[in-house]
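All chains should be modelled from the sequences, with the hints used to inform the complete structure.
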Amino acid sequence: MLIACPVAGAAFCKYEVAYARRGGVPLISMELIRRPGLMSGLTGVLFFYVVSAFFLTFSVYLQAALGMSPFETGLVFLPFGVGAFIGPLTTPLAIRLFGDRVPAIGMMLEVAGCTLLTALVAREPGQMPAQFPLIGAVALLGFGQGWALPTLVRSVINRAPVTGSGMIAGITNSALQISASLGVAVIGGVFFSVAGTSPDSLTLAKALVVAMMCVGGSLTVSAVLSIVAARSSIHAAARGAPR
Numbered sequence: 049m050l051i052a053c054p055v056a057g058a059a060f061c062k063y064e065v066a067y068a069r070r071g072g073v074p075l076i077s078m079e080l081i082r083r084p085g086l087m088s089g090l091t092g093v094l095f096f097y098v099v100s101a102f103f104l105t106f107s108v109y110l111q112a113a114l115g116m117s118p119f120e121t122g123l124v125f126l127p128f129g130v131g132a133f134i135g136p137l138t139t140p141l142a143i144r145l146f147g148d149r150v151p152a153i154g155m156m157l158e159v160a161g162c163t164l165l166t167a168l169v170a171r172e173p174g175q176m177p178a179q180f181p182l183i184g185a186v187a188l189l190g191f192g193q194g195w196a197l198p199t200l201v202r203s204v205i206n207r208a209p210v211t212g213s214g215m216i217a218g219i220t221n222s223a224l225q226i227s228a229s230l231g232v233a234v235i236g237g238v239f240f241s242v243a244g245t246s247p248d249s250l251t252l253a254k255a256l257v258v259a260m261m262c263v264g265g266s267l268t269v270s271a272v273l274s275i276v277a278a279r280s281s282i283h284a285a286a287r288g289a290p291r
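Each residue of the sequence shown is one higher than the one before, counting from 49 in our numbering.
Among the clues, some could well be false.
[Claimed, not checked] Okay, the calculated beta carbon distance ranges per label pair:
| # | residue 1 | residue 2 | range |
| --- | --- | --- | --- |
| 1 | TYR63 | MET176 | 48 to 56 angstroms |
| 2 | ALA233 | GLY147 | 33 to 41 angstroms |
| 3 | CYS61 | ARG279 | 23 to 31 angstroms |
| 4 | ALA66 | ASP248 | 49 to 57 angstroms |
| 5 | ALA66 | GLY214 | 17 to 25 angstroms |
| 6 | ALA59 | GLY174 | 29 to 37 angstroms |
| 7 | GLY115 | THR211 | 51 to 59 angstroms |
| 8 | ILE226 | MET176 | 15 to 23 angstroms |
To be clear, the hints were calculated from the coordinates, so they are not data collected in a lab. We put the beta carbon where it would ideally sit given N, CA and C, even for glycine.
What follows is the structure, given as structure tokens:
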């Protein structure tokens, strides 16, 4: 099914272009998406929301490898929620300080959280990581998400003309949902493949390390694309400015 997705997507795009040429109003305007910064921005969104795989794989590790209850597992994720709450409250200050680089910085904070969590699990596989470093790793993921998500979505929508902002907002929301689904399907599939058919605490630790590396890599790609999108918009505005 995953292999069929690009084929179906290409066929859909071809149909939308043909429909627009016949005078119809397409569901997704290919001409609009080709505007400077929009394609790279939307592609970055597709790589961004793979953090969904973190929730799946880490919760499986905590319960299956460490024997934690669902309630205890939920408490481990609590710092993520706290960070995700505080992050958006500080974005106005972040935007004043860092401008359009805030989405990329937020994603790199998430990568730092992934890296710290990976190091903690790899250091003591099959054992509960040290409390405060673990809280810091999960909180970093949440805080970075709180910085990146609203600013990334807003930056993509702001690149669309007023008449197309509704369409781009819908496409962005769809891209987030697709990203979350692909994160669970692809990275979750990698996790369970590495864990094997009869996983123990050590193989689950190895699987989590690989999964978190995949999440961090995807977030890095998204951060790079957000910077590319911002620069494309700036260059396009400079070319269009009167001299």
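Hints versus structure:
1. Range check, TYR63 to MET176: about 52 angstroms between beta-carbon atoms, so the 48 to 56 angstroms window is met.
2. For ALA233 and GLY147, the Cβ-Cβ distance of about 35 angstroms falls inside the hinted range of 33 to 41 angstroms, so the restraint holds.
3. Between CYS61 and ARG279 the beta carbons are some 25 angstroms apart, a value that agrees with the proposed interval 23 to 31 angstroms.
4. Distance hint for ALA66 and ASP248: a CB-CB separation of about 54 angstroms, consistent with the stated range 49 to 57 angstroms.
5. The supplied range of 17 to 25 angstroms is met by ALA66 and GLY214, whose beta-carbon atoms lie about 23 angstroms from each other.
6. The hint said 29 to 37 angstroms for the Cβ distance between ALA59 and GLY174, and at roughly 47 angstroms that hint is violated.
7. Checked against the hint of 51 to 59 angstroms, the pair GLY115 and THR211 passes, with Cβ atoms roughly 56 angstroms apart.
8. The beta-carbon spacing between ILE226 and MET176, approximately 34 angstroms, falls outside the hinted interval of 15 to 23 angstroms.
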